[in-house]
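Student: Sequence:
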Amino acid sequence: MLQKKLGDENSAILYQDSYYRDQSRNFDYDGGSVNFDHPDALEFPLLESHLIELKKGNSIQVPIYDFATHTRIKKSEHFPLKEYVIVDGILLFSQDPLVEIFDYKIFIDCPEELRYERRLNRDVKERGRTPEGVHNQFYNQVKPMHDQFVEPTKNIADLVVEQGELFESVIDFYKLLLS
1 MLQKKLGDEN SAILYQDSYY RDQSRNFDYD GGSVNFDHPD ALEFPLLESH LIELKKGNSI
61 QVPIYDFATH TRIKKSEHFP LKEYVIVDGI LLFSQDPLVE IFDYKIFIDC PEELRYERRL
121 NRDVKERGRT PEGVHNQFYN QVKPMHDQFV EPTKNIADLV VEQGELFESV IDFYKLLLS
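This note's numbering numbers the first residue of the sequence shown as 1 and each following residue consecutively.
Worth flagging that the hints you see were computed from the coordinates, not collected in a lab. Note that the structure is a prediction, hence the values are computed from the model and not measured. Even glycine gets a Cβ: it sits at the ideal position worked out from N, Cα and C. Each hint should be verified, as a subset may be incorrect.
As the list claims (entries may be wrong) - Within a straight-line C-alpha distance of at most 27 Å, the following computed BS3-like cross-link-like pairs (lysine-lysine) qualify:
#, residue 1, residue 2
1, K5, K82
2, K143, K75
3, K75, K55
4, K74, K56
5, K75, K125
6, K154, K5
7, K105, K125
8, K55, K82
9, K105, K82
10, K105, K4
11, K143, K125
12, K143, K105
13, K105, K56
14, K74, K55
15, K55, K125
16, K143, K4
17, K5, K75
18, K105, K154
19, K105, K74
20, K5, K56
21, K55, K5
22, K82, K4
23, K74, K125
24, K55, K143
25, K154, K143
26, K105, K5
Said to hold, decoys possible - Simulated restraints, written as ranges between beta carbons of each label pair:
#, residue 1, residue 2, range
27, S49, Q148, 22 to 28 Å
28, K4, T130, 14 to 20 Å
29, K143, Y84, 31 to 37 Å
30, I73, P111, 32 to 38 Å
Can you build the whole structure from these sequences, using the hints too?
Tutor: Set out below in structure tokens:
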């Protein structure tokens, strides 16, 4: 929504999920053996170097991660230089070097039940997972990692958007702030 308000010509979204490490050798096809919700699953130093390059005014080549095979594809995707770069991801604020790079930090607070429901729908429909596998992964890995690495970072956000808030009015406020 923020990217839409800022416009395609002025902004782009850089996804944390592009920076997953290749897990093709470790994945058991129903999610139990790889903890994708631990910061070690992501190559944050590469993301950090990419953000530094963007701040210097340079475009970057973003890795492409295939969630069906849990492989980082050898090709990359060109990420053009934009006035505003929105970095999207749940573990971003757990990384001190990244926190120092961000100009604004928005934490969107989402209740556990809704996080579980969204993951269940996505992983079953888009990633071919079983409901039981998603359930086990959520309560054995996702929730504990959220509690350990995500929830505490709410305190460092410039803005916390709570469930029920009108996100569009929050975005309008931030658009004004960025102008």
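Student: Hints first: check each against the structure and report whether it holds.
Tutor: Status of each hint after checking the structure:
1. K5 with K82: 14 Å, holds
2. K143 with K75: 32 Å, violated
3. K75 with K55: 23 Å, holds
4. K74 with K56: Since the Cα atoms of K74 and K56 sit roughly 25 Å apart, the hinted pair holds (cutoff 27 Å).
5. K75 with K125: 26 Å, holds
6. K154 with K5: 24 Å, holds
7. K105 with K125: 31 Å, violated
8. K55 with K82: 10 Å, holds
9. K105 with K82: 18 Å, holds
10. K105 with K4: Holds, because 18 Å separates the two Cα atoms, which is no more than 27 Å.
11. K143 with K125: It holds: about 21 Å lies between the C-alpha atoms, which stays within 27 Å.
12. K143 with K105: Distance of about 22 Å is within 27 Å: holds.
13. K105 with K56: 20 Å, holds
14. K74 with K55: 25 Å, holds
15. K55 with K125: 37 Å, violated
16. K143 with K4: Violated, because 30 Å separates the two Cα atoms, which is more than 27 Å.
17. K5 with K75: Given that 27 Å is the threshold and the Cα spacing comes to 30 Å, the pair is violated.
18. K105 with K154: 9 Å, holds
19. K105 with K74: 31 Å, violated
20. K5 with K56: 24 Å, holds
21. K55 with K5: 21 Å, holds
22. K82 with K4: 14 Å, holds
23. K74 with K125: 26 Å, holds
24. K55 with K143: At roughly 33 Å apart (the allowed maximum being 27 Å), K143 and K55 break the hint.
25. K154 with K143: Status holds; Cα separation ~16 Å.
26. K105 with K5: 17 Å, holds
27. S49 with Q148: 22 to 28 Å: Once the Cβ atoms are compared, 26 Å apart, the range 22 to 28 Å for Q148 and S49 holds.
28. K4 with T130: 14 to 20 Å: Violated - the Cβ-Cβ distance for K4 and T130, about 35 Å, lies outside 14 to 20 Å.
29. K143 with Y84: 31 to 37 Å: 32 Å, holds
30. I73 with P111: 32 to 38 Å: 34 Å, holds
When the structure is compared with the earlier hints, violations turn up for hints 2, 7, 15, 16, 17, 19, 24, 28 and for no others.
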